[in-house]
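Novice: All chains, full assembly: derive it from the sequences and hints.
First to last, the protein sequences are chains A and B.
The opening residue of the first sequence carries number 1 in the working numbering; numbering runs sequentially from there.
The opening residue of the second sequence carries number 1001 in the working numbering; numbering runs sequentially from there.
Just so you know, these hints were derived from the structure itself, not from any lab.
Keep in mind it's a predicted model, so treat the numbers as computed, not measured.
Treat each hint with caution, since some may be false.
Unchecked claim - DSSO-like cross-link-like pairs, simulated, lysine-lysine; straight-line CA separation at most 27 Å:
1. A/K31 with A/K53
2. B/K1053 with B/K1031
3. A/K194 with B/K1053
4. B/K1053 with A/K50
Unchecked claim - So the derived list for chain B, only partly shown, Cβ under 8 Å to chain A, looks like this:
5. E1080
6. L1083
7. L1177
8. D1196
9. L1197
Claimed, not checked - Beta-carbon label-pair distances, calculated as ranges:
10. B/K1053 with A/G65: 23 to 33 Å
11. A/A170 with B/A1170: 45 to 55 Å
12. B/E1071 with A/E42: 27 to 37 Å
13. B/R1105 with A/A109: 21 to 31 Å
14. A/T79 with B/V1186: 26 to 36 Å
All residues carry an ideal CB built from backbone N, CA and C; glycine is no exception.
Number of protein chains: 2
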Amino acid sequence: MSVDPLRHIPEATVNRLPLYLRALVEAAEGKHPTISSERLAERAGVNAAKVRKDLSFLGSYGTRGVGYDVEGLLFQIRTELGLTQDWPVVIVGVGNLGHALANYRGFGARGFEIVGLVDNDPSKIGEEVAGVEVRPLEELGDVVSGTSPAIGIIATPAAVAQDVADRLVAAGVSSILNFAPTVLSVPSNVSVRKVDLAIELQVLSFYNQRQSETGAAAG
Amino acid sequence: MSVDPLRHIPEATVNRLPLYLRALVEAAEGKHPTISSERLAERAGVNAAKVRKDLSFLGSYGTRGVGYDVEGLLFQIRTELGLTQDWPVVIVGVGNLGHALANYRGFGARGFEIVGLVDNDPSKIGEEVAGVEVRPLEELGDVVSGTSPAIGIIATPAAVAQDVADRLVAAGVSSILNFAPTVLSVPSNVSVRKVDLAIELQVLSFYNQRQSETGAAAG
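Specialist: Structure representation (C-alpha cells):
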C-alpha cells in the first residue's frame, strides 16, 4: 500500500481527517479491532459514502463486510496529519483562554508541545504556566528564534489579534491558529485556521429549536 | 418562499450551517451585498456543489450569475439555527476555560447568555465572573430550576465530566456542550456536542508537514 506522500488531498477531506481520527481513538479505547464506514460516519457526523471517498484519498479502502482496521487506519491518518512528529507551539495571550490552552491535555497528547508563552501584560511576565515562563510581547522574535515554533496560537482580544499576527509572521511563523473573533490578513504563504467556540453551541441551538417546535406541534 | 419549519435537514448540513453563517457575517462586514456559492464554499472550507445542495434544504437557491443575497441568507440561516431567540446557558467548571467561555464575546453576540456558573471548588464559590455569581455544584438543581438554561456547558476536567453530565440531565438540561476530553453517556433524548480544541491544530499540522515535504523535495 505505497502511496505518493505528496498526492493531492482535497481541503474538505483534510478538514475531516481529525474527526475520523477522534472517532478511531474512541473505537480503539473501546477495544474495537475494526470499524465500519457507517459507524465511522456516524461518529464523525458525515455520511458513509463520504467516509469511503475521503479514506480512498489516503489509499485506504477497508474490507467488505468487515470495515477498516482501527489501528492501521489510526496510524495512517496520524501519519497523513503529521502527528507522528512533535510540533512546537507558541501561545500569544496568556489570559484565561491562553492559560486553558497551555494546560489543555489534548494538545500534548497529540504532539503539540507548548514551547513559548507571550503576553503584553507586565503583571503576567515571568509567571510560569504549564512549566513555561511568560515572556513580554516585545521578545516574541527571541522566543521564536529560540524555540522555533511551527505554530503560533493567538489567544488575545480581537483588537490586538492583527498586530500579533503581523509580529508572528515577521518572526517567521507560517502557521497560525486564531481564537480571537476577528478575520486576520496574512501573506499567502501563511496558513491561518480559526477556532470559533460558538460553532457547536449553534448546532445545539438548532436541535433545541426543533425540539420546542415538535413539542409545540404535538401539544 | 414558505418552507415547512419541520422538514428534514441532514445532520451533516446542520453541522455546516454555522460555517456558512460565519462566512456570511464576514461578507456582511465587508459590505458585500451578494456572495457566490464558490466564494461561500471557499470561506467555509467545502465545495460549491455542497453549498448549493445544503442551502437548497433551506429553500434557498440564489440567483444564477449573482449568487446569494447576503442579508437574506443570513436571516434565513439564523432563523434555521434558532439564533433569532436567546438561549440561556449554564457553565459547569469555572477554571481557566470556564472563565474564558463566560467572558467569550462570541457567545453573547449570538444570543447565548450565560445565566449560571457552577463549580465544586470552595475558593471559587461566590466569585463573580462576567456578572454572574459562581454557585456550588450541589446547588446545580436550584440554578437550573431558577434560570431554566437551555444548554449546559461542561468545562471541567475529564475525570468529573460524566458526573456533571449526570447532574445536568437529572436537573432537566437536555443539551450539553462538552469541552472535557472524554466521551459522555447520556439518555437518548439528550443532545451532546463535543468541542475538541486540538482539531484545527491537526489541520495546520497537515499543511506544515506538506510544506516541509515539498521543501525537502525541492531542496
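Novice: Give a verdict on every hint.
Specialist: Right, here's what the structure says about each hint:
Our distance criterion of 27 Å between C-alpha atoms is met by A/K31 and A/K53, whose separation comes to about 25 Å. As the CA atoms of B/K1053 and B/K1031 are separated by approximately 25 Å, the hinted pair is consistent with the 27 Å bound. Between A/K194 and B/K1053 the CA atoms are separated by roughly 25 Å; this keeps the pair inside 27 Å, and the hint holds. For the given pair, B/K1053 sits about 15 Å from A/K50 by alpha-carbon distance, which is consistent with the 27 Å threshold.
The restraint placing B/E1080 at the interface with chain A holds, with a minimum CB-CB distance near 7 Å, inside the 8 Å limit. Contact between B/L1083 and chain A, as hinted, is supported at the beta carbon level, the nearest pair being about 6 Å apart and thus within 8 Å. Hint on B/L1177 holds. Least Cβ distance to chain A is approximately 6 Å, under the 8 Å limit. The interface hint given for B/D1196 holds, since its Cβ lies 6 Å from the closest Cβ of chain A, which is under the 8 Å cut-off.
The interface hint given for B/L1197 is met, as the beta carbon of that residue sits about 6 Å from the closest beta carbon of chain A, less than 8 Å. For B/K1053 and A/G65, the Cβ-Cβ distance of about 30 Å falls inside the hinted range of 23 to 33 Å, so the restraint holds. A hinted range of 45 to 55 Å for the beta carbons of A/A170 and B/A1170 is consistent with their spacing of about 53 Å. Taken as a hint, the range 27 to 37 Å holds for the pair B/E1071 and A/E42, whose Cβ atoms sit roughly 36 Å apart.
Between B/R1105 and A/A109 the beta carbon distance is about 29 Å. The supplied range of 21 to 31 Å therefore holds. A hinted range of 26 to 36 Å holds for the C-beta pair A/T79 and B/V1186, which are about 34 Å apart.
When each numbered hint is compared with the structure, no violation occurs for any of them.
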